[in-house]
Amino acid sequence: MADTSKTVLMMGNPNVGKSALFNRLTGGDAVVSNYPGTTVDYTKGVLIESGQEYEVIDAPGTYSLEARDAAEGVAVRLISENPDATVLIVLDATRVERGLYLALEVIERGCPVIIALNMIDAARDRQIAVDARMLQKILGAPVVPTSATGGEGIRNLAETIRKAQKADIANVRARADGRFDEPARSGGCAECGRCGGC
Amino acid sequence: MKRLSELEYGESGFIREIRASQYELNRLGIRMKKQVKMSTRQPIKGPVVVVVDDMEVAMGLDTAEGVVIETEGHEGS
Amino acid sequence: MALPVQERWDLVDAIARKTVTTGTHRQTLGDVLGDLTVRPLTGISVAVAVLYAFWSIFSSFAGALVTDGFMVKAFDNYWLPWLQEVWPDPASIHYFLFVGDPLAENCFEAFGMLTSGLFVSIGVVLPAVLIFYLMMTVLEDSGYLPRLAVLMDTVFHRIGLHGYAIVPAILGLGCNVPAVTATRVLETRKQRFIMMSLLAIFIPCGAQIGVMLEVIPETVGWVMLYLVIGFGIFGFVLDRIIPGSNPEILIDVPPYHWPLWDNVAKKLMNRTKSFLKDAVPFVLFGVLIVNVLYLAGIIGALADLLEPLFVIWFGVPKETVGPLVAAFLRKDLAVAQLSAIAMTPYQMITSVVLVSIYFPCVATFVVMLREGWKELAAAVAVLVATVFIYGGLIHAVGILMGVA
Ligand SMILES: Nc1nc2c(ncn2[C@@H]2O[C@H](COP(=O)(O)OP(=O)(O)OP(=O)(O)O)[C@@H](O)[C@H]2O)c(=O)[nH]1
Ligand SMILES: [Mg+2]
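Residue numbers (our numbering), protein chains in the order written: chain A, 1 to 198; chain B, 199 to 275; chain C, 276 to 679.
A hint or two may mislead.
What the hints assert, rightly or not - Listed below are the simulated DSBU-like cross-link pairs for lysine-lysine, each with C-alpha atoms no more than 30 Å apart in a straight line: (1) A:166 x C:293; (2) A:6 x C:541; (3) A:6 x A:166; (4) C:293 x A:44; (5) B:243 x B:231; (6) C:293 x B:235.
Unchecked claim - Short, incomplete list of chain C residues facing chain A, as computed with Cβ under 8 Å: (7) 293; (8) 296; (9) 298; (10) 415; (11) 614.
Derived from the structure by calculation, the hints contain no laboratory data.
The structure displayed is predicted, hence computed values, not measured ones.
By construction, the Cβ of each residue, glycine as well, lies at the ideal position given by its N, Cα and C atoms.
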């Protein structure tokens, strides 16, 4: 099964639009509501992209990998039960900082990750600018701005899933401090070509 | 210095100390040195709603009592 | 490699500094509304107005407009007489099972699978849950629920919960099944147990409320009042006797936004589909099973056996035993069945409250089992005690008021 279908696990803070994104990617029926804690169980769906089949899992939102309630517990269990999964980290572009904590925790576990910078429309409306290229450079994994409600960036996201990258946290830290030289090449950027030549 | 629970409507300040539930509060963006603004305080020991980084967070009164704030005065609300 | 917590936060800050720039944020209409709806004074008035609007739209649309205006006429004037005429052999068992009483003048009394079963599920409950889900979706999608949670926190804190318990509570008014799973947003086992028990006992589902509005429009307010009071009393008691902690509310309050039409339509479609797929067959088979039990004499025997408890302790006629059996399958069906029994208005209130609190319907029972059998067993124990105590209490109140 492993070579026919790959697992993509969606992780992110509550209410960042994971279920909305999941529905866009898989045509699924996950419930989308404007309050944290809408999804309390997981939903699976299928995405077929450039001939590759992905099993996408929509998880409950969580603020960290240390569960505080049963819904977060489901999310944490999912990530330990699917050690080979690609993790699609969903960030809310209007509150990137908050979501980065979880993103780093996932990266530290050594999962291949791809980041959706969702709610990009809301961020624009609120005059919040997020430098997706820079974020991609620092994290060493693809970052795709999306709007799950508007549809922006969804195609791009689906096409980019296969470029998910494992990143080394020491390199991430070096790059966050402005040291982009060596570690950046060996650790993260896999010439995905999306960052416009890092 | 004031406790977060004692801020008036619209009053804001910077977080200097978090005495309890630090981990839980951090996860919601309530962290050291962050600016917070009081949005509402519910009567009869009800919860408070504060604004951090332009986002609203609701927390119980006891939790808010554990957060120490250096105030900087009102912002016309 | 895993970083220590503080170092991870430092790294978060470093990354955020390099990637995020915030411009000046203009206050939007949503922000102003956001403020108004959580301020104590304005917020509580808004909450009352919202809930009142919710209720009056629900009752007028579901009760008066659709059911009385169209469904009742269609079913009682055309469907029932037609079936009674074309179905062969009124004295037969199959007539009794599918059409019911050959002399019935309306679809509540007939109690056959194709008469009452279809009427209750399609004629009464479907319009009710449709309008209910429409309004609930708007509440969910606008971002109002977390604000309501803040306003309700003080009250819920007294009963071992915190304000966010409003989420499973409101979902439960639609259907208890997703609400049981939604208790996962609460932090401790104590909170989840209290909420699950209260849900299963005191929160009537949309289908049941729909039927109540149809058959007892004058007294439905009393029933709801008894349920709310019971919710408070038993929550308070459970909080004292259940060990465990009740942490305070700590939640994100997302900004308001307009419900997106696509999403509203989609949720409405999915919920309606699952109602047609899961609930309607249950109602139909419920009628069938109850009729078979009647024919086999089981309900009669049970009624004789339980007569002292029902008549003396609860103060309701022994015929209400039948609906209580049906209530295990579907509460809406049970209330419909009650309406055909001759009772005083107060007995009607009591028996409808009993039907609501006496046992979760089988679907709810199954999801509770999935969340943990120990909790379920304990919840059932709480429930038995509650039905007995509260049922007697309501009877006593009736005696004191001189109406029972
Ligand atoms: N403006 C905007 N709103 C969005 C976007 N994506 C999702 N939303 C809205 O954000 C809210 C939350 O969406 P969900 O998909 O339910 O979020 P979630 O991450 O699954 O939340 P939980 O299940 O609670 O963890 C909904 O009201 C969506 O309509 C987006 O890209 N832009
Ligand atoms: Mg979700």
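Each hint, compared with the structure:
1. A:166 x C:293: holds, 21 Å
2. A:6 x C:541: holds, 28 Å
3. A:6 x A:166: Within the cut-off at roughly 16 Å; holds.
4. C:293 x A:44: Cα-Cα ~35 Å, so violated.
5. B:243 x B:231: Distance ~26 Å between residue 243 (chain B) and residue 231 (chain B) Cα, so the pair holds.
6. C:293 x B:235: holds, 25 Å
7. 293: holds, 6 Å
8. 296: Holds. Min distance 5 Å.
9. 298: holds, 3 Å
10. 415: This interface hint holds because 4 Å falls under the 8 Å limit.
11. 614: violated, 34 Å
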